[in-house]
Amino acid sequence: MHAARNAFAAATFAMLLGILLFAPAILGAEEKGLEDIVNESPLTTDRDRALLNGGCEEDPYAALQREGFIGGGKVVPRRAGNTLTDGIDPALACRLLQFFRAAKACNPKITSAFRSKSDQARACIGVCGNPNGCSRGCAAPGRSCHQQGLAVDIESRCAEKMSAEARRFNLISRIPGYPNPNHYQCIEHGRSAGVSSCTGPCMGGLAITPGPDDFQPSGPPSSGLARAVRDFLNPQQEQMCSLPGGGQVPCSSIANPGAQQPLSQSQQPQLQQPPDLGTQNTVPYAPGTCPPQFYCANSTYYYRASTCVDQVREKCSAGCSSTSNTCASTTMSPLSAIDQIGLIAEPTSTPVGVVSDLLFELAISGDDVATLQDTTAPSGALSTDGSYGAPPSVSQQTFVSGDLRYSQAEQYQPQRLTTLQRTLATMRDTLLRVLAYLRPFGRPTIESEYDEWVE
Numbered sequence: 001m002h003a004a005r006n007a008f009a010a011a012t013f014a015m016l017l018g019i020l021l022f023a024p025a026i027l028g029a030e031e032k033g034l035e036d037i038v039n040e041s042p043l044t045t046d047r048d049r050a051l052l053n054g055g056c057e058e059d060p061y062a063a064l065q066r067e068g069f070i071g072g073g074k075v076v077p078r079r080a081g082n083t084l085t086d087g088i089d090p091a092l093a094c095r096l097l098q099f100f101r102a103a104k105a106c107n108p109k110i111t112s113a114f115r116s117k118s119d120q121a122r123a124c125i126g127v128c129g130n131p132n133g134c135s136r137g138c139a140a141p142g143r144s145c146h147q148q149g150l151a152v153d154i155e156s157r158c159a160e161k162m163s164a165e166a167r168r169f170n171l172i173s174r175i176p177g178y179p180n181p182n183h184y185q186c187i188e189h190g191r192s193a194g195v196s197s198c199t200g201p202c203m204g205g206l207a208i209t210p211g212p213d214d215f216q217p218s219g220p221p222s223s224g225l226a227r228a229v230r231d232f233l234n235p236q237q238e239q240m241c242s243l244p245g246g247g248q249v250p251c252s253s254i255a256n257p258g259a260q261q262p263l264s265q266s267q268q269p270q271l272q273q274p275p276d277l278g279t280q281n282t283v284p285y286a287p288g289t290c291p292p293q294f295y296c297a298n299s300t301y302y303y304r305a306s307t308c309v310d311q312v313r314e315k316c317s318a319g320c321s322s323t324s325n326t327c328a329s330t331t332m333s334p335l336s337a338i339d340q341i342g343l344i345a346e347p348t349s350t351p352v353g354v355v356s357d358l359l360f361e362l363a364i365s366g367d368d369v370a371t372l373q374d375t376t377a378p379s380g381a382l383s384t385d386g387s388y389g390a391p392p393s394v395s396q397q398t399f400v401s402g403d404l405r406y407s408q409a410e411q412y413q414p415q416r417l418t419t420l421q422r423t424l425a426t427m428r429d430t431l432l433r434v435l436a437y438l439r440p441f442g443r444p445t446i447e448s449e450y451d452e453w454v455e
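One point on numbering: in my numbering, the residue at position 208 of the sequence shown is 208, and numbering is uninterrupted.
Errors might be hidden in some of the hints.
Said to hold, decoys possible - Computed cross-link-like contacts, DMTMM-like style, restricted to lysine to aspartate or glutamate with a CA-CA straight-line distance of at most 25 Å:
#	residue 1	residue 2
1	K104	E165
2	K117	E165
3	K117	E67
4	K109	E165
5	K104	E67
6	K117	E57
7	K117	E160
8	K109	E57
9	K117	E58
10	K161	E67
Keep in mind the hints are simulated off the structure, nothing from the lab.
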């Protein structure tokens, strides 16, 4: 009986001791949850391998490398215990693999993937020169989705077409605020390209932990103007040197025996004299010998570079201008509106052909003369009162056809104008008189001297 009581007491003590030892582990497991325990355990189960592949049936990182889809950047992460570091999310890698296989004709390649803060600072220096970020095109170190392994930059032969098809593969490009067609993220992180959007891993993937980085933020680079202002406001104190006599002078004013002495005038290299303008020089001189300029010479428009080489730009058909160093203009000055109306109202004839100054002599001999005699006897005679009587009209003319027979009644008939023609003639005369008033310093002449055909 006594032995049984001792055994029961020992069992009770062992149970209480077990509760005290294992209770914290049980309570901690309930607080963390099953997902946290799986993530902290060695990645060996089928579910863990599925997370490592990001939803693909194969290793997406190995496939991206094998098929030539990686052109640069930190794509493949490193295993550090139970975490992944310095690479891209497995789910993002899986989606990119499927996307690149579908767009293989575009030859896509990843050029930038995971970035440390130092990598981001160098990228911003290349964009705007500021390692602390740019106003557009480069987020500050630590503020980009690249630092979370949730963004990549690619290159391809058809960027716009791939950007339009990205959503079919749960990817997004041309993100609001950053419309770059070559920047890709998981579609669930499509609100922006900054860390405010990339708050967790892609669905079906694993979080990327950035590795150690020695990035130190620095001030923005100062321009030459800013440095000049600082030097002016805070001049550097020049070092003073003591002389044997006790005085002090700036050390820069003391000659250094070991320093190189300046060359004499005869030893200094002589600059070449530039060639004269208009010679069309083809021999290059030292850069900066000639001032770059355009000039016109010998009916040719040249450009002279800083090396004094002349390049023909244009042949001047009208020669060089006398007022400027360019080709002469071949266009006439435009006519005024009054002159244009005058040309329409009074068109001038333009002679056609070229007048020759060669003399043309026509020699006629006696053999070239033909005599035409009238068979009718002349009946005209002086009258007794001294008046002359005209001979009667000829009934038949020599070398005149019948339809051109002389007719006294049909000769010199005045042209009859229609009502429309008379109206137009009146309007023309009125317009010419109005133009005479409108012409500067012009007034019509008096009626007795006015000629309606000449103005």
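Results of checking the hints against the structure:
As the CA atoms of K104 and E165 are separated by approximately 13 Å, the hinted pair is consistent with the 25 Å bound. Of the pairs offered as hints, the one joining K117 and E165 is violated, with about 31 Å between alpha carbons and a cut-off of 25 Å exceeded. In summary, the hint linking K117 to E67 is not supported, as the alpha carbons are separated by about 29 Å, beyond the 25 Å threshold. At roughly 16 Å between alpha-carbon atoms, K109 and E165 fall within 25 Å of each other, so this suggested pair holds.
For the given pair, K104 sits about 10 Å from E67 by alpha-carbon distance, which is consistent with the 25 Å threshold. Under the criterion of a C-alpha separation no larger than 25 Å, the hint pairing K117 with E57 is inconsistent with the structure, at around 33 Å. With a C-alpha separation of about 29 Å, the suggested pairing of K117 with E160 is violated against the 25 Å cut-off. Annotation: proposed proximity of K109 to E57 holds, straight-line Cα distance about 22 Å (limit 25 Å).
Proposed proximity of K117 and E58 is contradicted: the alpha carbons are some 31 Å apart, above 25 Å. At most 25 Å may separate the alpha-carbon atoms for a hinted pair to count; K161 and E67 meet this at roughly 21 Å.
Checked against the numbered hints given earlier, this structure breaks hints 2, 3, 6, 7, 9; the rest are met.
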